[in-house]
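Engineer: Letter by letter, the chains look like this.
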Amino acid sequence: MAKNMARSDEQLPYWRRILNVSLPVDLSYIPIGLACGILLHASGFNIYMTALVSVLVFSGGAQFLIASLLATNAPMYSVVLMLFFLELRYALLGSSLSKYLHGKSLGFTTIFAASMNDENYAINYLKFSTDKNFTPRDALNVEHYTLAFWTVSNVIGSIIGSAITINLTVVHFALTALFLYMIVMQLKNGLIIFICIISGILAAICMAITKTTLGLVISTLIASFIGFALEATIRKNHPRSKILRSMKNPAGSPEDVKD
Amino acid sequence: MEWSTTQHFWLILACFAVAFLPRLLPLLFFRTREIPVWFNEWMTYVPVSLFTALVVKDLFINPSYQISIVDKTPELIAAVLVIAIAYWTRSMTISVVLGLAAVFILAMFF
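These protein sequence lines map, in sequence, to chains X and B.
Each residue of the first sequence is one higher than the one before, starting from 1 at the first, in the working numbering.
Each residue of the second sequence is one higher than the one before, starting from 1001 at the first, in the working numbering.
The set of hints was computed from the structure by calculation and includes no laboratory data.
Among the hints, a few may not be true.
[Unchecked claim] Derived CB-CB ranges, DEER-like:
| hint | chain 1 | residue 1 | chain 2 | residue 2 | range |
| --- | --- | --- | --- | --- | --- |
| 1 | B | E1002 | X | R240 | 52 to 62 Å |
| 2 | X | I159 | B | F1104 | 15 to 25 Å |
| 3 | X | R245 | B | P1036 | 17 to 27 Å |
| 4 | B | F1104 | X | N237 | 41 to 51 Å |
| 5 | B | E1034 | X | N73 | 36 to 46 Å |
Small disclaimer: the values here were computed from a predicted structure and weren't measured.
For each residue, glycine too, the CB sits at the ideal point set by N, CA and C.
Let the hints inform the model, and build the full structure from the sequences given.
Structural biologist: Right, dumping it as structure tokens:
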């Protein structure tokens, strides 16, 4: 894919080059955006609210979560709090892209941050680290292409949801599958797998005790802290421990080009 | 409880605020500074812990917040499939679409 893009880059108009870069994400947003639009419609969002949330929040996981929490009658503070913890991971993405945005204006950075999410981050990070001619302006355009595909898919999903009746338990599994995928992408060593199991057990216990989604927030905080503390302890006492060694990625991982 | 469009609107604005600030603040702050190591290390574990908690909620917690797997057989089998597919393909779309197809088919048998 990358080779293909490099070869055809020269003669294509600018918008086609950006489209080519963003296309893998654009296409993946169509089925997921449709499912998300259907669920948002089922949870009571009208088409304008669906469009608005797609543009402003622009995060598959977050929008699925809003839909599923509204379906369980969660109070607003609980939805917002859950979302805060869900979106906290963007702090990490933002920090790792920040070195490529040195010298950019406050306005540019604000607009860039507003439409950054997991998938376009992955593309932009890869392009920044492997292509020296890739500018922040290009990265912003990649974000806006993916945003357009996402919003249109959500709106169409909302229309589909209002036109036909769909088995929601099946569509709802899109959220579970999305999170399972994101978990698998994070499993880089034995310690993370261990924390994963701990977090799962804690989540079940905390939710059974609190009887609200607040249990998720509590279990996330405890589990992530255990992970942080364990890593520090292991690094200090057994720096060569196997549990911290990176596992092989079956699909191969992209190599960073140092500049 | 049925929410009104106005309530949805305020919910979206609040969600926008909590979605936007974690994206903006580090980007602004770390444009000129180094990222603290403890922050990076802690952040390694937040997403994976939260995603796991959310999956556990979907698969093992019933709507009245009790631990239960009654009527969850299609989802549980599909979840194992999704993990395998995600591991081998590393593709979000293939994982989600095949996962949905698996639940759809399995739901006819269980």
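Engineer: Taking the earlier hints as the rules, which of them does this structure contradict?
Structural biologist: none
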